[in-house]
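Residue numbers (the working numbering), protein chains in the order written: chain A, 1 to 261; chain B, 262 to 424.
Rather than coming from a laboratory, the hints here were simulated on the basis of the structure.
Facing chain A, according to a computed beta carbon distance under 10 Å, are these residues of chain B, among others:
{"no.": "1", "residue": "269"}
{"no.": "2", "residue": "284"}
{"no.": "3", "residue": "304"}
{"no.": "4", "residue": "389"}
Think about it this way: if two alpha-carbon atoms lie no more than 20 Å apart in a straight line, the pair counts; the simulated PhoX-like pairs of lysine-lysine are:
{"no.": "5", "chain 1": "A", "residue 1": "175", "chain 2": "A", "residue 2": "121"}
{"no.": "6", "chain 1": "A", "residue 1": "118", "chain 2": "A", "residue 2": "101"}
{"no.": "7", "chain 1": "A", "residue 1": "105", "chain 2": "B", "residue 2": "336"}
{"no.": "8", "chain 1": "A", "residue 1": "101", "chain 2": "B", "residue 2": "336"}
{"no.": "9", "chain 1": "B", "residue 1": "336", "chain 2": "B", "residue 2": "287"}
From the three backbone atoms N, C-alpha and C, an ideal C-beta is built for every residue, glycine too.
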Amino acid sequence: MARRKGDCNLMTMKEQNYEMALDCFLLAGQIMMESGAETYRVEDTMLRMARSQDIEDAQSYVTPTGIILSLGRRQITKITSITHRITDLHKISLVNNISRKLTLKIITLDEAYDELLKIQKTNYFLPIHVQILTASIASSCFMVLFNGLWSDMPVAFVAGGVGHLAVTLVQEATKVKFFSEFFASLVVGIIAYLAVHFELGTELDKIIVGSVMPLVPGVIITNAVRDLMAGHFTAGIAKGAEAFLTAFAIGSGIALVVGLF
Amino acid sequence: MEYILQIVFSFIFTACFGVIFNAPTKAIPYCGIVGAIGWIVYYYINHMGVQEVQASFVGAFVVAIVAQIFARRFKMPMIIFNVSGIIPLVPGGIAYNTMRNIVELDYTLGIQNGMRAFMISGAIAMGLVFAEVITQLIMRTFNKGKTSMQSFARAKRRTQKFK
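Same shape as in the complex, but just chain B (with noise of 0.2 Å):
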């Protein structure tokens, strides 16, 4: 049940930021379902016992792969999907958190909280790398010339055949 709730509102939260930042507007369920899908693999790691900075690796590896699935499918580009389906694993809290310790001048607390963002957001940033990088490389493998820059080459060959 808790999970379920969890879905939905994720969905919501995924989705709503798609409209704040102007996705395409037949492509917001779609970012909604890519953030609760990443949402929810978060989750139920971190509530394994796994510590943040990996759940969120994991988060955002899955992310991506459904956003490049998506993205191939409607054929738009990847950060559209990326980028909303990431927000609701961004330390956003822990961002404001760092800033409002150190203004209000307790920097300890401030640098472990931005150490924590860092990371947090660091290890984002390594699991869409990844996942994109492995993703292509499991195309290229599978079905020959499927990397966008191949089927980019394939097409400038057909035209200059043309002429």
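Looking at chain A on its own, in the form it has when it is part of the complex (with noise of 0.2 Å):
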């Protein structure tokens, strides 16, 4: 609309808000690439942020480990790498919020820029030891689902929760995370084998595979087929690569541990 006008202060206003606008899109698109959300999704909440903003002929190519963004054939492009990716549903759900609450008018661009750098230096996950005690839950729940025996439930209770303080402190520590994968896998098979040997438990595997379920991928292999699904074919094989080397990482932690003993 400005364009048509012709006023050159007018044509600077607007470029000042492409640029503004660009980046705002892009904080949206990489903080919820980084939080584990699929990438149709990513794709969409962008281009519906910018066409609530009039730009028409948006377009944007995400991957799992960056997003290029262009506004339009006259405009500037971006792009923005992603370098780590976690599963934190709350941040999506916050950007799924501004970006409807751009859509529909109630804040400005500027605002929602605001929000989501906020958003994006917020932690928030829930303390650390409510994790544990839930990944210690979980693990011994899985005891029920998957026929294993009850008395087994103490061991996995113990073992899920010191893998899932494993995987985090030695993250934390590394910033690797086929590292702190591996690592963790081989403390949990530690435990169980030690649990077993002397009679604490019962089933070696079962005990095992309910304690790594907190950090096996598989989530992201079926988000990786979902992308396939959908004709993200680079972001499918991208995500299927991680979950195979998260896998390889669990594996090989816990083939250490039966080789060894």
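Two chains, two separate frames, one set of hints: put the complex together.
Below, the structure written as structure tokens:
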């Protein structure tokens, strides 16, 4: 609209606005991708936010390791790289809310950008002891769901909690996902082996599977297949590779324990 | 009795994963409900003698439908309920067995388990996608303009009128 009027002042304002908008949409995409959203959802959200600002011909290219967003033929294009991916559903829901509000014009672009910056900085995870407790409970529930023995539940409870603690601590210290998962499954394997050795537990396999359950990449595998079906082949293959690497880390950690004893 | 036990434990199991995946606090019980419904459907069908791949498909289909309902009611993205809901169905144990077989150099069993894991996760993804597409089709037929894209277009038209 400003272009049609040909007003010089308006043009520069519009251009600044475009730069702000590009940063805002890319930040939204980046937060969502880092929190483990599906590829198509990230594209959809960014393009919707763009259309709400009367930018009709925006194009995006989203992969699990980076996002390219262009606002149109004559506009600038920007790339953002994504280095780490976790599952953080709270952030996805918050970004979704902001995109909803922006689309319905409840908030302006500036407000949306400020809120996104705030979301990116904040850590919404529950305290670590709650997470460990839930991981323990989940591991012991696994025994009931998959025909394990009730008497194995305490061992799975301990092993699952320690495994989650190990993966969190090592991840913070080393920032290498492969190593932290390997180490955690090693710890789980040792605990399960010792428990069976001292006759606190019975079925080694069930205890190990239950305890590594919070680590296994089941969701990544499913998301990978889903992305492949939606036509996002790059994302699907990349996520498949990530899932394979995680499964390999866990498998080799356990195999080390089995091989040692 | 056995079914009640399964429902209770799958509810706890899924809700715990909701916490690990950091779902919004008020959504966590509903994550548990989605997971429990999906699991009990899977469990029942699997006990009727249907293979695990087909049972996983049906389970994921039900999960996606229930997740869709909750997502509309709470105005949250569907992925929140989906991701925790399919957790009892995903072949984590089989994926683990695969890797264990392979690192123990038992390749035949490893490939066999790997194919099983791949087929089950493919079935889950198919169930999710099919349910999503079908519910959107039904929504579009029964109440006009209720799909997210159309409500988006309508909201936009409304704002343009104000200008």
